[in-house]
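**Student:** Those sequence lines, one after another, are chains A and B.
Take the first sequence: its position 52, counted from the start at 1, is 41 in my numbering, and no numbers get skipped.
Take the second sequence: its position 33, counted from the start at 1, is 1101 in my numbering, and no numbers get skipped.
Since the hints were derived computationally from the structure, they do not count as laboratory data.
What you are looking at is a predicted structure, and each value in this text was computed from that prediction instead of being measured.
It is possible that some hints are incorrect.
What the hints assert, rightly or not - Listed below are several chain B residues computed to face chain A (Cβ distance under 10 Å; list not exhaustive):
(1) L1079
(2) M1083
(3) Q1105
(4) F1110
(5) N1118
(6) R1131
(7) F1132
(8) S1133
(9) P1134
(10) F1158
(11) W1168
(12) F1173
(13) G1174
Said to hold, decoys possible - Straight-line alpha carbon distances no greater than 27 Å define the calculated DSSO-like cross-link-like pairs of lysine-lysine that follow:
(14) K59/A <-> K44/A
(15) K67/A <-> K1135/B
(16) K95/A <-> K1135/B
(17) K1120/B <-> K59/A
(18) K95/A <-> K1120/B
(19) K62/A <-> K1108/B
(20) K67/A <-> K1120/B
(21) K62/A <-> K1135/B
(22) K59/A <-> K1090/B
(23) K62/A <-> K1139/B
(24) K62/A <-> K1087/B
(25) K1139/B <-> K59/A
Beta carbons are placed, not taken as given, at the ideal position from N, Cα and C, and that holds for glycine.
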Amino acid sequence: AQTVTQSQPEMSVQEAETVTLSCTYDTSESDYYLFWYKQPPSRQMILVIRQEAYKQQNATENRFSVNFQKAAKSFSLKISDSQLGDAAMYFCAYRIGYAGGTSYGKLTFGQGTILTVHP
Amino acid sequence: DTAVSQTPKYLVTQMGNDKSIKCEQNLGHDTMYWYKQDSKKFLKIMFSYNNKELIINETVPNRFSPKSPDKAHLNLHINSLELGDSAVYFCASSQSDRRWDGYTFGSGTRLTVV
């Protein structure tokens, strides 16, 4: 079974600084997708960034980028120029790449990391 | 024009009652899900439906019964509510042939059983 682990329950960063959130996963599959979701106090789940396992290039979305290390099964999120609005819970998630089977479409989440941004 | 809408947003009820949560998506997705977020914020899948067919049922007590009248709707009915059912329940949808898109989530329903 696939598992996702976020080993940092809480992280904090000063406004305008950079912070990295860690995520590791365990899978025997070669075709899969990885995601980072943000959950602010409003509890809405917002997709931040995604990575396809067969792409070596790390994904980037504005101030958000990932460091994807497939061999190490590591998928960290870097937030540059942190803003107060980045304060939220961040979830790493894994999804198998093919349709069918008992894992059909299933997103498996890590435990989450609470990010605090200090002004 | 909300993409995935859940009702109600808050639900407070007594132990032993039966309640339903409704979910609708207007994205044209063919797959819908129910997730439970517990008090420690852990998100765990409960059910998924693809084109009205149950695909995933993750060892959820049979007091929980999902119903999908069409591919745009997935409702969750809970019988004989227990204190441990208190949580936030999220509905989500996705398109099965666009797995790189992840899910679109509803805003969640906070269920409190007293």
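**Student:** Output the indices of the hints that this structure fails to meet, ascending.
**Tutor:** 1, 2, 6, 7, 8, 9, 15, 17, 20, 21, 22, 23, 24 and 25
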